[in-house]
Structure formats: structure tokens, C-alpha cells
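Colleague: Here is how the chains run, residue by residue.
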Amino acid sequence: MTDATATPDAAPAPHRKKGGSLLELDARTRKRNAAEARFKAYGVIAITIGLLFLVALLFAIIRNGIPAFTQTFLTMEIVLDEETVEAAEGSIVATSQYRNMVAEALQVKLADVGIETDKEPRDLMLMLSPGVGAEVRRVVQESPELIGETVEFRFLTASRVDGYTKGRVQREDLARDRNLDATHLDIVDELMDQGVVERTFNLAFITGSDASESRPEEAGIGVSMLGSLFMMIVVLVCALPVGVAASIYLEEFAPKNRLTDFIEVNISNLAAVPSIVFGILGLAVFIQFAHLPQSAPLVGGLTLALMTLPTIVISTRASLKAVPPSIRDAALGVGASKMQAVFHHVLPLAAPGILTGTIIGLAQALGETAPLLLIGMVGFIASNYPDGLASGFLDPNSAMPAQIYEWAKRADPAYYERAWGGIIILLAFLMTMNIIAIILRRRFERRW
Amino acid sequence: MDDLRLVERDVDTQDIKIAARKVQVFYGDTHAIRDVDVDILDKTVTAFIGPSGCGKSTFLRCLNRMNDTIDVARVEGDIHLDGEDIYDAKVDPVQLRAKVGMVFQKPNPFPKSIYDNVAYGPKIHGLAKNKAELDEIVETALRRAALWDEAKDRLDEPGTGLSGGQQQRLCIARAVATEPEVLLMDEPCSALDPIATAQVEELIDELRQNYAVVIVTHSMQQAARVSQKTAFFHLGYLVEYDETGKIFTNPEDSRTESYISGKIG
Amino acid sequence: MNDPHITSAFDRDLEAIQALVMKMGGLVEVAILDGAKSLETRDVELARKVEAGDKAIDGLEMRINEEATRAIALRGPVAEDLRVILTVLKLAASLERVGDYAKNMAKRTSVLAELGSIQGTESALRRMAREVQLMLKDMLDAYIQRDVTLAQDVRNRDLDVDQMYNALFREFLTFMMEDPRNITACMHLHFIAKNVERMGDLVTNMAEQVIYLVTGEMPEEGRAKDDRTPYMTALD
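Chains as they are written, first to last, in the numbering used here: chain P, 1 to 448; chain D, 1 to 265; chain F, 1 to 236.
Check the hints yourself; a few may be wrong.
Listed next, with one range per pair, are the computed distances between beta-carbon atoms [stated by the list, open to error]:
#1 D:E157 with P:I206: 44 to 50 Å
#2 D:E157 with P:P324: 16 to 22 Å
#3 P:D261 with D:E157: 39 to 45 Å
#4 P:F444 with D:I195: 30 to 36 Å
#5 F:D141 with D:I264: 34 to 40 Å
#6 P:P324 with D:R21: 33 to 39 Å
#7 D:K22 with F:D153: 52 to 58 Å
#8 P:E36 with F:S8: 37 to 43 Å
#9 F:A19 with D:G28: 39 to 45 Å
Below are the DMTMM-like pairs computed for lysine to aspartate or glutamate, each with C-alpha atoms no more than 20 Å apart in a straight line [as the list claims (entries may be wrong)]:
#10 F:K194 with F:D226
#11 P:K338 with D:D92
#12 F:K55 with F:E40
#13 D:K246 with F:E217
#14 D:K123 with P:D189
Footprint (simulated), chain D over chain F, 3 or more residues, beta carbon under 8 Å [said to hold, decoys possible]:
#15 3–13
#16 190–203
Everything labelled a hint here was simulated from the structure, so no lab data went into it. Cβ coordinates follow ideal geometry from the N, Cα and C atoms, glycine included.
All chains should be built: construct the whole structure from the sequences, respecting the hints.
Modeller: And the structure:
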């Protein structure tokens, strides 16, 4: 008990400390911590800048591109009078006669809805797309039974009118325009109030074909999308088997010597070769030497396959390398042959990586423009859908990025809008492919 | 006295399963194995011990020609399995490896089901005519590897989901399933905890009934526990090869002595 | 063979255990000499001291056993290390027995002090004990120097001890036949002689253990022995 009173608090006597207390930071630690905090801040700033650019880019794309998916239409009825149709078909320029029909009908329509104007029918026609005559003729030829009836048509308006409804074209701009003037816009305003002119979703932009410089309202990306699709098929069929076979041989079977080292270095270098070089190679080999048809997806696909090959080879080799050697040993250890080991065990494990690499290679090829410029898969080429596989591969076509490039080049601001819209579609494709790649990787990736 | 033989020395046979003479292995310019002569007995566990890089694993891999998979490796000398030269030009290493199975340092089950892991060898060697036979082979192999009771209800589950010790026994089952005559083990317990190690060691002792087992190990205690014969490798030479009890109580060579008793020398 | 271990603590452990053995050996040597001296000089005081000293010897044996057990459990000794530990255990056990015999000799001194002296036999016993002590000393030297030749020599010297014992045996017989009053003293002295002879045997065993320690093999049963007492009769 005397002990207890002698030492009232039970805490052991503190030892003499070496150095300072743990509870307070010394100058060195403070400095280190500050440096670490600064470094983290730099990282956050860098990411923020990157994100800002991304947001700005997405905002610009969406703002500029979304209007391309809608289009202004004018709904009106035309009496397909038998005589007029016959007369039109008999004339030399049939569509111009049909245009006159439309012009007259438009005048009638305006009168119907109570709009008074002193404009000539010809002048009024400026509000509609130049292609309306052709469209009426198409309907007549496709379904002659309609002759004599009154048929409701939904005509594309002229790109200026479309631009006006989208806010792209202002009244002031029209002062310098020799096509439309402010009075046309007054009529458009009134027609919109009446519901005759309306802006709706435009499926034709996604499915349609390119149109001439003067008719941006008719242009669609559909045909070049098919062109891209056929090219991708060619790329996949050519590059995947060749690339995978080459990688398996190089990685698993080839002896390691100077030659294979040389090949290896060159494959890596090929991946870094500018795509335009592949374009000129494609031009020289496939078109000038092999005489394959110009501007055809087959040639484009072959050229892009050349470009994708290194990507596929590199990613396939990387995923083959990532399969632990213990798996090969295990297979060889139970008496599998080298090929059995590769095909039964290594390849299935590497497959997700190979697929991912392939999809990313394809996505790259899908977005590639430069080589296509050189083999002529650009410009105003396609206005027809390919009919059948052979035509799909061999007929001249364009590709999505080339189409976008072409549109962006054209003078009419309406095409500028369509270029942005095309970019949205292209990006949607690329994103889908990347997501598929990610899902495949997640799904089949095995941990060992 | 002779009928009171200790279990450890209970070698039933003096039959030589593998005879190696003047074996040399080169890795490029490196002379990894020099003049190794060794007779490996049937139905006996032979342990290869030695410091890292002494060539014991390299020599082990000569015995089923796993060194063939390394481009720069070159083997000279004679290795005979039951009197047949395994480096003869007529020998297909694939056929050899079916006779000389191998278990590796890290448990390396295929990322497939337990069943497929064991069935793979018999399948590629055509050991089973139908599914029923294959099932039987799988069961026998798993039983021999003392894994049947733990695995019989989960044969469809991936082998990679087993614990480390179970995985290693699965690899042993996989090796056993091809009916080998010799089982090579390259540090089979180095990635396992002591309990799993003990289970695998017990298993090795049971496997001795049917096979010649050669085990490379870094753990001298393990060599002492499981083997009947021990070979000590040093700098590519086979320094000493003798009965395990002899090596661990009274080795002939001072290098062996220094190594096993952890001396600087 | 005397390369240091990579784990230097193991070396320190082994050295400490061997030092304990040497210490024990030293105590046993002193006990033999003092026991024999007390017998010859009838020095009861010295005899008490020898008896008391045996406790220290027993204590050391326990200590050596514990340390050796620890070393086996913690270090897993093999080869020479293993033989060192085994030898240490055996030496400790044998030394303890020798110590016991020395103590027994001292015990009998107090009884013999009351009885008359048997001419000359005490000094003969002391010579015999002296011889055994020298053997023990040489054995310990052989042990610490790993000297097989010296150990062999010790082993062979047991013959001398045996012969001394034979001679004493005969003498005791003679004395007892001459005068039955000598029997008590002679019986005691004979036991002492027998014990000293046993000490010699134990030292020989220890020397053999030293040979095993160094060579890894026990020496063959080829040594000269001359304990003829089992076949002796009074009629010889």
C-alpha cells in the first residue's frame, strides 16, 4: 500500500526520447508533405484542364452537330393530273415540268392557308429544295396507280429555309443572298404557324446518300456508312487472321535470332508510320499495279488492313506474352505438343486481349481519312446504295470520315452543319466499339 | 536387425530408372551443368539440393527435355530412361513427357474446371475411350493426389479457385493422370504454407509406391523429410549423391557439409 | 570443417554449450582427484567437499541438456552440428556418471576412515584414479581440438586401468582370505576400485564419441581390454 501512495499515477515513467516527439512534425517531414501535396495538386489541375478540353469539344460537337439530325419539311398536296404527267414525261427535261407542277401546287397551297403573296411560282420555288421535281417524278414512276389522285408530299425545304428555322440563317444575311429575300421568310414564318412547314427528325441524314453541292438538305451519311462497313469487313477478314497467325508464330514458335529481331523492330516501326504512307502504298500496289477498281471499299479495306496489321500484331503479341509461362509449362509438362499448348491454353487466355486489340485497331481504321484520300475514296462519288455484296466491295464509295472531310470542305454552311453531324455518328460508332472492347475484356479476362 | 529397417530407408528396389552419364548443359555460352553422373532409382524419392543457380532445376528439366523449349539451351551426354536414350533423335519429347510428368514450383492449374485440369492429359494422349473411362481416370488421379474428398463435389469449379495447397495437389493429380513412370517436381512446396507443405510431402511419400519421384527443393529439411536419396549440386557439378540419412549426418564432401549446415565456406 | 555458420548466433550457442561441457569436465576431474586424495589421506573434510560438489555437476548436466534441446528445436542441426549436439548430450550424461562414482568414492571415505587402512591399496587406488583423471583430461582435450589420435590413445589407455583393477582385485581377495576382519574395508575398497574401473570405461566411451564426432563413424570394437575379473577365482 505504501508503494501505491508513493506513485499515485500508474503511468510508467517516460523514457528519454531519441530525437523529437512523434506527435509533432519536424521541418523535413513538413517539407516532404508539402511537396507531395503540391504534386497531387498539379495532377488534379492537369486532369481538370484535360476534362475542360473534352467538355468543350463535346459541347462544340453536339451544338454544331445536333441540328444536322433535324430537317425542315413542307407538307403539301399535288394533284397528279394525267395530262400534266404525260406532258412532263414527254418533255426533254422531265423534272423541270414536274417542278412547274410543284410550283403551281405551292401557289395553291399558299392561297389555301390564306397567305397572300405577289411572288411568281418560280420565285416561291426557291423555298423548296431543288430536288422536289425529281421526287415527284420518282413517286409517279414508282406507283403509276397514283396518277389522277391528289397525293400529299412532304418536301424538303431549301437549305436556306432550313437554316432559318434552325437559326443558322438570319434575315440580315439574306441581303447578300440572291436566292431568298425577307419576304420568303415571312411566308415561311406564317407557314410554320400554320403547321405546313415543320422541323422534324431527319432519318434520311443517317440513311441517305451524299448530294450535290447545291442541295445540302438532301445529303446523308448512310452510303458512306455502308462504305465504311464494307471496308471494315475487308480489314477484319484480312488483318485479323494474318495478324494473329503472324504473332503466334513470332511469339511462340519462331527462333529468337537476328532475323526475328529485325522483323520485330520493323513491326513496331510500322505502327508508327504515318497513315498517308499506307495510302500511297495502297495506290501504287492495289490500283496502279493490281488494277483493282478505284475508290472501291475493297481497296480501301486492303489499305487500312495494312495499316491495322501492326496494331493487331503488337496487341496480340502483348496478350500472348501476358499469359504466364507457367501455363505453357503446365501443358508441356503433361505431354501436350507445342501447338496443343498454344491452341488449347495460351490462345484462349489471350483471346480477350487479341479481341480488344483488334477492335481498337478497327476503330482506328474506321476513323482514318488520309489513306482514303489517296485511293480516291473521297469526293462526290456515291449517290447510290450498293446493290449486293460484290457491288458493296467493288463499286466506288466513300467512307464516313472521308465524307465528313468532303462536307467540311464544301462552301455551303449547311454542309458544315452536316459535317459536325457526321462526326457525332462516327464518334458513336467508335464509342460503341470501344465499349464492346471493354466489355469483352471484362467478361473474359481471367485472373490467375 | 535387418527386419527392423527404418521406414525412411525402406527402398524396395535398386532398379535404376534413369541413368545419366556425363551430362553437360549449356545456356548460350554458360556451362550450367558439368559432367553430371547420376542413377535415379525406381520407387524412390530422390532430392536435388543446392544453392540457387547450382543447376539442380536445369538438370531436372533435362530429364523430361523441358530444356528443349529454351532456344539457347543445349544438352550433351547420355540420359537413359529404362535403358533408352531420351535424347535420341527418334524420341519425340511429347511422348517422353507423358512418361516423365512434371510438377512446377508455382501451382499452375489451367484456368479451367478441376475436372478438365485432370482430364486434359489423358484426353490428348487418348488414354480414355469414353466419358466413363475418363471419369474413372480423373477420380483415380484425384484420389492419388489426396484431393478427391475435397474436390469431388466441385469438379466443375475452376481449379484456380482452390487454395494454394489444393492447387498444387491438383497439379500433381494432373501429372499423375497421364500414368507417368517418373514424376519430376521443381520446388513443389515453395509457394505453400507449412500445413499444405506437409500434405504434399505426405503425398510424395505415397507416390513413391508407384513412381520414381525426383524433387528439387531449397528446403534441406524437406529433402531430409521426403527423400531416400539426396544429390547435392554446386556450381553445376554434382558434388555428392548418397543415401539421404548419410548426407544429413555425415556428408563426405566439405562443400555439402557447409551447405547443409548453413556455414560460410 | 570449422567454418563459421552464416547464422552467427548458432555458433555462439554451440560454443556456449561446449564451454559448459568443458566446465563440467573440469569439475569432474577435480572430483576424481579429490575423492582419491581424501580416501588415501582419510580426509573426511575433503570428502564432504567432493560430495557437495556433485550438485554443481548435476546442475551443469541439466543445463547442457536444456541448451542442447533448444539448439535441436531451434536450429535444426545437421551433419557435424548434429554430431556436436549428440556428443554433447552423451558427454554430459557420461560425465555425470563419472561424477557420481567420484561422489560415491568420497562417501565411502567416511566409512573407511573408521576402519583400518589396507596396506598400499589406497595409494594404488589413487594412482588408478589419477590415471583415469588423466584419461579424462586428454579426452576433453581431444574433444575440444577434434583430435582423433589423442582420442584413440585415451581409448587404448583403458587397458592400463583394467590391469590395475585386476591387480587390485587379486590383492583384495588375498587380504580377505588372510583375515576376515579385512572384509568390510576390502569390500568398500573393491567397490571403489570397480567404480574407478567403470569411470575408465565411461571415459573410453566418451573418447569413442569424440571419434564419432570427428569422423562420423563409431570406432570398431577392436580395442585391447583386460578386465579378467569375471573369470577370477580365489584359487588363481
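Colleague: Find the hints from earlier in the document that the structure breaks and name them by number, from lowest to highest.
Modeller: 5, 7, 9, 12, 14, 16
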